[in-house]
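Each chain, written out:
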Amino acid sequence: MNTSNIAEKEPKTTAKLSSEQTLEIEDNHITVGSCFSDNPKMTMRNVNVFYADKQAIFDVSLDIEKNEVIAMIGPSGCGKSTFLRTLNRMNDTVDGCRMDGDICMDGDDLYAPKLDVVELRARVGMVFQKPNPFPKSIYDNVAYGPKIHGLADSRVDLDEIVENSLRKASLWEEVKERLHQPGTGLSGGQQQRLCIARAIAVSPEVILMDEPCSALDPIATAKIEELIEELSENFTIAIVTHSMQQAARVSHRTAYFHLGKLIEVNPTEQVFTMPQHQLTEAYITGRFG
Amino acid sequence: MNNKSQVLSKIQSSLARRNRAEARFRWYGRMAIFIGLLAVALLFIDIVSKGHGAFRATYIQLDVRYDQALVGIDNLTDAEQLIAGNWQALPKSALRTYFPDVSGRSDKRKLYKLLSNGAGFDLKDRLVADPSLLNRIESVWILADDDIDTYYKSWLDGNPYDARMSDKQVKWIHQLHQEGQIALHFNSNLFTRGDSREPEQAGIRGALMGSFFTLVLTLLLSFPIGVSAAIYLEEFAPKNKWTDFIEVNINNLAAVPSIIFGLLGLAIFINVFHVPRSVPIVGGLVLTLMTLPTIIITSRAAIKSVPPSIREAALGMGASKYQMVLHHVLPLALPGMLTGAIIGMAQALGETAPLLMIGMVAFIVDIPGGFSDPATVLPVQIFLWADSPERAFIEKTSAAIMVLLSFLIIMNTSAVWLRKRLERRW
Amino acid sequence: MQTADILFLLLGLGVFGFYLGRGRALAVANPLGGIRQLHSLPSYYGMHIVICALIPSLLLFGLWIIFDSTVIDGLVMGSLPETITPSDNASYSLLLNKITNVASGIIPATGQPQALVDASAYKLYLENLSRWSLTTLVLMVSMSGLVWGRFKVQAKFQARQAVEKVMQNMLFGCACLAIFTTLGIVLSVLFESIQFFRSVSVYDFVFGLEWSPQTAIREDQVGSSGSFGAIPLFAGTLLVSAVAMVIAVPVGLMSAIYLAEYASKNIRTFAKPALEVLAGIPTVVYGFFAALTVAPFLRDLGNDFGVSISSESALAAGGVMGIMIIPFISSLADDVITAVPQSMRDGSLAMGATQSETISKVVIPAALPGIVGGIMLAVSRAIGETMIVVMAAGLAANLTANPLESVTTVTVQIVTLLTGDQEFDSPKTLAAFALGLMLFIVTLLLNIFALHIVKKYREQYE
Numbered sequence: 008m009n010t011s012n013i014a015e016k017e018p019k020t021t022a023k024l025s026s027e028q029t030l031e032i033e034d035n036h037i038t039v040g041s042c043f044s045d046n047p048k049m050t051m052r053n054v055n056v057f058y059a060d061k062q063a064i065f066d067v068s069l070d071i072e073k074n075e076v077i078a079m080i081g082p083s084g085c086g087k088s089t090f091l092r093t094l095n096r097m098n099d100t101v102d103g104c105r106m107d108g109d110i111c112m113d114g115d116d117l118y119a120p121k122l123d124v125v126e127l128r129a130r131v132g133m134v135f136q137k138p139n140p141f142p143k144s145i146y147d148n149v150a151y152g153p154k155i156h157g158l159a160d161s162r163v164d165l166d167e168i169v170e171n172s173l174r175k176a177s178l179w180e181e182v183k184e185r186l187h188q189p190g191t192g193l194s195g196g197q198q199q200r201l202c203i204a205r206a207i208a209v210s211p212e213v214i215l216m217d218e219p220c221s222a223l224d225p226i227a228t229a230k231i232e233e234l235i236e237e238l239s240e241n242f243t244i245a246i247v248t249h250s251m252q253q254a255a256r257v258s259h260r261t262a263y264f265h266l267g268k269l270i271e272v273n274p275t276e277q278v279f280t281m282p283q284h285q286l287t288e289a290y291i292t293g294r295f296g
Numbered sequence: 024m025n026n027k028s029q030v031l032s033k034i035q036s037s038l039a040r041r042n043r044a045e046a047r048f049r050w051y052g053r054m055a056i057f058i059g060l061l062a063v064a065l066l067f068i069d070i071v072s073k074g075h076g077a078f079r080a081t082y083i084q085l086d087v088r089y090d091q092a093l094v095g096i097d098n099l100t101d102a103e104q105l106i107a108g109n110w111q112a113l114p115k116s117a118l119r120t121y122f123p124d125v126s127g128r129s130d131k132r133k134l135y136k137l138l139s140n141g142a143g144f145d146l147k148d149r150l151v152a153d154p155s156l157l158n159r160i161e162s163v164w165i166l167a168d169d170d171i172d173t174y175y176k177s178w179l180d181g182n183p184y185d186a187r188m189s190d191k192q193v194k195w196i197h198q199l200h201q202e203g204q205i206a207l208h209f210n211s212n213l214f215t216r217g218d219s220r221e222p223e224q225a226g227i228r229g230a231l232m233g234s235f236f237t238l239v240l241t242l243l244l245s246f247p248i249g250v251s252a253a254i255y256l257e258e259f260a261p262k263n264k265w266t267d268f269i270e271v272n273i274n275n276l277a278a279v280p281s282i283i284f285g286l287l288g289l290a291i292f293i294n295v296f297h298v299p300r301s302v303p304i305v306g307g308l309v310l311t312l313m314t315l316p317t318i319i320i321t322s323r324a325a326i327k328s329v330p331p332s333i334r335e336a337a338l339g340m341g342a343s344k345y346q347m348v349l350h351h352v353l354p355l356a357l358p359g360m361l362t363g364a365i366i367g368m369a370q371a372l373g374e375t376a377p378l379l380m381i382g383m384v385a386f387i388v389d390i391p392g393g394f395s396d397p398a399t400v401l402p403v404q405i406f407l408w409a410d411s412p413e414r415a416f417i418e419k420t421s422a423a424i425m426v427l428l429s430f431l432i433i434m435n436t437s438a439v440w441l442r443k444r445l446e447r448r449w
Numbered sequence: 003m004q005t006a007d008i009l010f011l012l013l014g015l016g017v018f019g020f021y022l023g024r025g026r027a028l029a030v031a032n033p034l035g036g037i038r039q040l041h042s043l044p045s046y047y048g049m050h051i052v053i054c055a056l057i058p059s060l061l062l063f064g065l066w067i068i069f070d071s072t073v074i075d076g077l078v079m080g081s082l083p084e085t086i087t088p089s090d091n092a093s094y095s096l097l098l099n100k101i102t103n104v105a106s107g108i109i110p111a112t113g114q115p116q117a118l119v120d121a122s123a124y125k126l127y128l129e130n131l132s133r134w135s136l137t138t139l140v141l142m143v144s145m146s147g148l149v150w151g152r153f154k155v156q157a158k159f160q161a162r163q164a165v166e167k168v169m170q171n172m173l174f175g176c177a178c179l180a181i182f183t184t185l186g187i188v189l190s191v192l193f194e195s196i197q198f199f200r201s202v203s204v205y206d207f208v209f210g211l212e213w214s215p216q217t218a219i220r221e222d223q224v225g226s227s228g229s230f231g232a233i234p235l236f237a238g239t240l241l242v243s244a245v246a247m248v249i250a251v252p253v254g255l256m257s258a259i260y261l262a263e264y265a266s267k268n269i270r271t272f273a274k275p276a277l278e279v280l281a282g283i284p285t286v287v288y289g290f291f292a293a294l295t296v297a298p299f300l301r302d303l304g305n306d307f308g309v310s311i312s313s314e315s316a317l318a319a320g321g322v323m324g325i326m327i328i329p330f331i332s333s334l335a336d337d338v339i340t341a342v343p344q345s346m347r348d349g350s351l352a353m354g355a356t357q358s359e360t361i362s363k364v365v366i367p368a369a370l371p372g373i374v375g376g377i378m379l380a381v382s383r384a385i386g387e388t389m390i391v392v393m394a395a396g397l398a399a400n401l402t403a404n405p406l407e408s409v410t411t412v413t414v415q416i417v418t419l420l421t422g423d424q425e426f427d428s429p430k431t432l433a434a435f436a437l438g439l440m441l442f443i444v445t446l447l448l449n450i451f452a453l454h455i456v457k458k459y460r461e462q463y464e
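Residue numbers (my numbering), protein chains in the order written: chain A, 8 to 296; chain B, 24 to 449; chain C, 3 to 464.
Simulated from the structure, these hints should not be mistaken for lab results.
Keep in mind it's a predicted model, so treat the numbers as computed, not measured.
Not one of these hints is a red herring.
Pairs of lysine-lysine, DSBU-like flavour, derived with a Cα cap of 30 Å: (1) B:Lys264 <-> C:Lys458; (2) A:Lys121 <-> C:Lys267; (3) B:Lys327 <-> C:Lys458; (4) A:Lys61 <-> B:Lys443; (5) B:Lys27 <-> A:Lys154.
Take the sequences, apply the hints, and build the full model.
What follows is the structure, encoded as structure tokens:
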């Protein structure tokens with residue numbers, strides 16, 4: 008299987024700044040800010056991730072609150088995508104990838120041997136960087152999840168799920184006339200909203216979004232961002248983004264990753280106005296990235 | 024679907040069924056691999072178990088007296104006498120001496136059948152090589168008949184096949200065995216002789232030489248032509264209908280059944296151009312047409328893998344397009360082309376059907392010495408032997424297959440080795 | 003002079019011409035101030051002379067060799083007196099053979115009719131004449147080319163362009179050989195087939211239910227209707243191919259899926275080449291395996307269960323053919339399955355689909371065109387496969403759908419009709435070409451269609 012799409016670039020060992028000074032992270036860095044929550048949906052403790060013998064994530068602990076939108080930002084290769092993929096165990100599909108530490112959802116260990124990843128992934132949906140609709144009709148794309156999980160008892164049920172999901176993804180009005188045409192025929196932004204509709208059709212509790220707008224134009228991006236805000240009423244959302252503006256616009260909390268370490272977690276407003284850690288500050292003021 | 028816990032319970036209830044389906048699917052996959060590997064293993068085990076015996080043949084040791092009077096010659100340098108001599112009398116008399124109490128015509132005939140009917144001529148060759156043997160006695164290991172060979176080998180394996188043996192012959196064999204006068208020796212005939220109606224005298228040398236001449240011609244024709252065509256299509260061809268048409272033709276020819284090429288050879292080379300039948304020339308021509316698509320396709324891939332930056336560098340220095348191709352592209356693409364040529368040759372070496380059409384299926388005893396001598400090739404020899412009713416030919420056929428497969432394995436591994444060794448990564 | 007001698011002489015002339023041209027170019031360049039004053043490098047002038055000296059003479063040589071025996075035979079047969087001029091094709095070639103044999107001394111001349119002896123002497127004379135005039139002509143053409151090329155050597159002569167133009171034409175010619183081959187195939191099977199259809203109607207051939215080419219010869223009733231009905235052959239071919247596909251498609255497809263989606267790297271590096279070994283085994287070996295191992299095994303197995311299985315059953319031939327085709331399907335399927343982007347799999351797995359659901363509901367449907375194309379190529383291969391069926395299937399044309407019985411196939415009949423000594427123009431022999439035509443048309447359509455589908459599929463993910 009192709010693994011290249013997940014392999015991250017070699018992280019720089021030091022972050023070069025425009026000024027003379029070089030910032031280094033101490034080996035036993037402790038995350039600054041408020042990384043724990045009283046009402047967590049997911050809890051991660053001391054998570055380390057390795058690709059073969061290379062470590063990608065170092066000792067990350069974080070809580071994700073119910074119905075919050077948490078954004079993960081950081082320079083490329085900082086491990087934010089890898090971290091996101093540990094939350095629904097998509098890293099299992101990568102040869103040689105292993106994880107230690109604890110990740111729990113509602114108190115259940117996600118990496119318990121007894122746990123079925125199929126069930127987990129139905130509860131934790133995911134939207135990818137590049138829109139990846141299946142080469143099927145729009146209808147079949149959305150109906151795919153309910154069908155494989157046996158959620159619909161009848162055709163009518165299924166129609167209803169598809170319509171609801173498409174409505175929630177604000178795509179219904181645009182595609183209701185052509186539900187049975189291929190999903191690959193839609194525009195990039197529509198495809199991405201189709202993928203979101205596909206993810207919410209199985210009523211997940213958490214939705215992971217891996218740079219969902221990086222392949223889209225600004226107008227399509229604005230639509231998706233609007234959608235994320237609406238979805239946050241019903242779903243817990245973790246979004247990895249490359250764009251600080253996007254993080255500022257959509258998220259409640261922001262986590263800053265650097266070279267596989269979680270540097271700082273704070274309410275979004277605070278991160279962007281008065282970051283606690285100097286690396287965070289360096290990043291958001293655009294001195295590297 | 025509004026109720027998330029309801030959804031969850033639905034999912035959970037289907038989990039067991041779906042996991043069983045998953046396990047089943049995996050098991051199908053494993054079975055498929057297993058069936059494929061089993062087929063490979065069975066094929067090889069079957070052929071080796073049938074054919075390994077053919078590399079040794081049964082010989083009987085007898086004291087032969089090269090009796091001048093018995094053969095009826097007086098001058099070993101006289102070719103006519105050598106032809107007319109009654110050489111078969113030598114092994115017969117040696118057998119009578121060894122089994123003095125065999126009498127009666129039918130018993131004697133059975134006794135003579137112990138030895139190959141070419142035994143007399145083998146003794147003649149020994150005598151001509153060493154004339155001082157004349158009228159002297161020599162102890163010689165003489166080739167046994169194929170029925171004896173089959174029986175003796177199967178008896179040694181503890182599962183005697185005596186359908187074509189008389190009781191007396193069995194008794195004699197056992198007597199020879201006890202006295203240590205019968206044994207298995209390396210079967211050099213297999214590699215030094217041409218085809219024969221007598222299994223014990225049949226060898227694959229004729230077919231090997233035929234294959235050699237045919238392949239040499241195929242390589243000489245198809246490699247330059249194939250490489251030229253590939254160079255044209257990759258480097259010079261304009262993008263137009265005609266080039267597309269050539270491409271379609273090449274891809275299609277690669278998938279045309281090989282027997283059709285045989286029909287082409289028969290109708291065009293033999294009936295129109297009067298190339299003689301059964302000779303390596305016509306075989307080589309047909310196989311050239313057949314392997315060309317393979318060589319063109321692999322050569323094109325090799326040329327494609329040379330990065331354009333090298334071409335640009337050469338052209339930027341003011342080289343003409345030909346100089347660019349000859350000095351830069353061709354040397355870099357050569358390993359890939361050679362790999363393709365070896366694979367094409369391996370294909371041609373194993374090909375049978377088209378050669379049946381152009382008369383290379385004839386029964387040819389003489390070992391061909393050139394491109395225009397009637398010849399057969401190894402796979403056709405296998406086909407001919409497989410069709411022969413004598414049981415001993417099964418063993419020979421399997422042995423010939425083992426030889427053919429070893430050639431193919433050598434060629435294919437050397438192609439893989441060449442690719443690994445010489446291929447550059449850009 | 004022998005053919006090889008002439009070729010060697012020409013080769014020598016070529017080498018001489020190269021040095022002549024190069025030397026002349028240097029000589030021309032010297033007074034002008036060195037080779038920079040020449041249009042091309044000196045060796046190009048040499049190459050140009052080689053081309054002038056060799057290409058026309060080799061062309062002449064080739065054409066002569068191809069046509070001289072036909073011309074000589076025509077002349078010899080034309081010189082025969084009316085009385086023994088043969089009336090039909092068969093006796094024509096017989097007589098010609100006799101004359102050739104007398105001329106070469108295989109048949110002693112004594113005892114043959116005088117006209118025949120004269121004809122053979124005439125033939126010898128003509129052959130001698132032909133050989134000598136060929137030698138003289140070829141050498142003359144080559145020499146004049148040499149001289150002409152020598153005079154072309156001038157500072158301004160664009161030798162490189164001239165040489166490259168010739169080379170380009172030669173490359174183009176090599177590329178066009180593929181077209182000539184196809185043309186050759188079409189013409190050879192078409193011409194003989196047309197002759198065949200003069201004596202047997204196309205309708206009877208394509209829709210006839212009875213195939214027994216032997217009776218036509220024995221009763222001397224050329225093309226008696228009903229004897230050349232090819233339906234049983236088509237049915238037999240389809241039956242054997244169907245058995246092969248029933249084995250090859252599931253096994254090949256599932257092993258490709260397992261290797262691409264499930265197998266660990268170690269298993270893949272071992273199992274893939276091991277399966278590909280099956281593709282490298284010559285078909286005659288499969289034929290031997292089918293005829294001597296599988297067929298008797300199935301027959302005995304049938305006996306044990308009280309089922310009568312023919313020892314030349316379609317099951318044995320088709321089964322072994324299926325084994326042969328497994329790697330063909332698995333490697334084609336592997337190509338198209340790995341071409342499906344990983345993002346498709348990720349999308350499905352992230353929805354909570356199991357791996358098998360992902361494969362059967364997303365990967366395979368996405369790869370379907372490629373897989374279908376691959377299977378069609380495999381079918382075309384099964385239909386055209388010859389040695390396995392020649393060795394393991396029967397000769398009797400039974401019209402049956404029972405794979406336990408013996409059937410015959412198109413390729414078996416082509417081989418049977420064309421091996422051994424027949425008169426070339428008998429309908430029996432020509433029938434083989436008509437069958438070849440059918441085989442060519444069917445496989446051509448399958449191939450073109452399949453290659454088209456596969457190409458379209460590749461473009462989709464590129």
